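Generate the whole structure from the sequences, applying the supplied hints.
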Amino acid sequence: MKYIIFLLVCSPLFIAAKDIFNFNIKNVNSIISEIKYPPPPPVEQAAKMARYIVHYTGWTALAHVSHQKNISGLPMARVYSMSDGPILNSSGVPYLYTSFFDGVPRDLKVQNNTQEWKFAEDALFSRHPAMKTWPESHHFTFGKLDIKNIILVDYFGGSKYPSVEDYFNASMDIPLPEDPPLEESKLNDIPVPEDANTDTNRSVHKITKVIIEKNKVYKRTKFHMNTWFTVGDTERP
1 MKYIIFLLVC SPLFIAAKDI FNFNIKNVNS IISEIKYPPP PPVEQAAKMA RYIVHYTGWT
61 ALAHVSHQKN ISGLPMARVY SMSDGPILNS SGVPYLYTSF FDGVPRDLKV QNNTQEWKFA
121 EDALFSRHPA MKTWPESHHF TFGKLDIKNI ILVDYFGGSK YPSVEDYFNA SMDIPLPEDP
181 PLEESKLNDI PVPEDANTDT NRSVHKITKV IIEKNKVYKR TKFHMNTWFT VGDTERP
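Reading the sequence shown from the start, the letters are residues 1 to 237 in UniProt numbering.
Rather than coming from a laboratory, the hints here were simulated on the basis of the structure. Since the model is a prediction, treat every value here as computed from it, not as a measurement. Take these hints with a grain of salt, some might be off.
Here are the simulated lysine-lysine pairs, DSS-like style, with alpha carbons at most 25 Å apart [to be verified]:
| no. | residue 1 | residue 2 |
| --- | --- | --- |
| 1 | Lys148 | Lys160 |
| 2 | Lys160 | Lys48 |
| 3 | Lys69 | Lys48 |
| 4 | Lys48 | Lys148 |
| 5 | Lys148 | Lys118 |
Now the in silico label distances, taken between C-beta atoms and shown as ranges [as the list claims (entries may be wrong)]:
| no. | residue 1 | residue 2 | range |
| --- | --- | --- | --- |
| 6 | Ser171 | Ser72 | 40 to 46 Å |
| 7 | Lys132 | Val79 | 18 to 24 Å |
| 8 | Val65 | Thr133 | 28 to 34 Å |
| 9 | Asn70 | Pro42 | 46 to 52 Å |
| 10 | Ala77 | Glu121 | 23 to 29 Å |
| 11 | Pro42 | Ser163 | 15 to 21 Å |
| 12 | Gly158 | Val79 | 25 to 31 Å |
Cβ atoms here follow ideal geometry from the backbone N, Cα and C, with glycine treated the same way.
In structure tokens form, the structure reads like this:
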């Protein structure tokens, strides 16, 4: 099944859940600062730019032709959290985490391959830690995008069409040496706030612990542009 994925790169920022949900969680503001990602590659390096966009983008829109009752044959699009790997291990393969309550994975489901399951879990949960708290009753599962074609619009002068082979062979820069990766094992000393007296506040604190490492939080990049990224079939890892 064919579809197109559109990536909007717009300075993504992983911040404390307090700032997202406006909860009054204590002991957070004093330990937050930025960790910068490497700058984007030169625009002449189209394959590397495509890899950069995929790796350092946290969200994507997936469009396909629906096979659901009453809307069969109509175009559908949804926004998803996406990751191609932990921050220091880019695979180039975009992974998604979605529920079969959603019609999109039901339309695109193919044979399962469990060999990549652990990598998909590490890829998504390390970049989107809130996923760990999503209810098991919703039957979430991992999926990946099987890239067939790439269309890149990253500068003046029209589209670029790097080959899939060049895309996967492109080297990736890692975060700056002074910006270490998140290590959840170092977060245990962040205290539970006194006002965490509800399930909601405790859940927010749990998410906060996952995304904060002492005085740093992932991440802010200064990269801004609109990019369209075309892929092919999907399959569940």
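Going through the hints against the structure:
no. : hint                       : verdict
1   : Lys148 x Lys160            : 15 Å, holds
2   : Lys160 x Lys48             : 12 Å, holds
3   : Lys69 x Lys48              : 41 Å, violated
4   : Lys48 x Lys148             : 16 Å, holds
5   : Lys148 x Lys118            : 24 Å, holds
6   : Ser171 x Ser72: 40 to 46 Å : 43 Å, holds
7   : Lys132 x Val79: 18 to 24 Å : 20 Å, holds
8   : Val65 x Thr133: 28 to 34 Å : 33 Å, holds
9   : Asn70 x Pro42: 46 to 52 Å  : 48 Å, holds
10  : Ala77 x Glu121: 23 to 29 Å : 25 Å, holds
11  : Pro42 x Ser163: 15 to 21 Å : 18 Å, holds
12  : Gly158 x Val79: 25 to 31 Å : 26 Å, holds
In terms of the numbered hints stated before, the structure departs from hint 3 and from no other.
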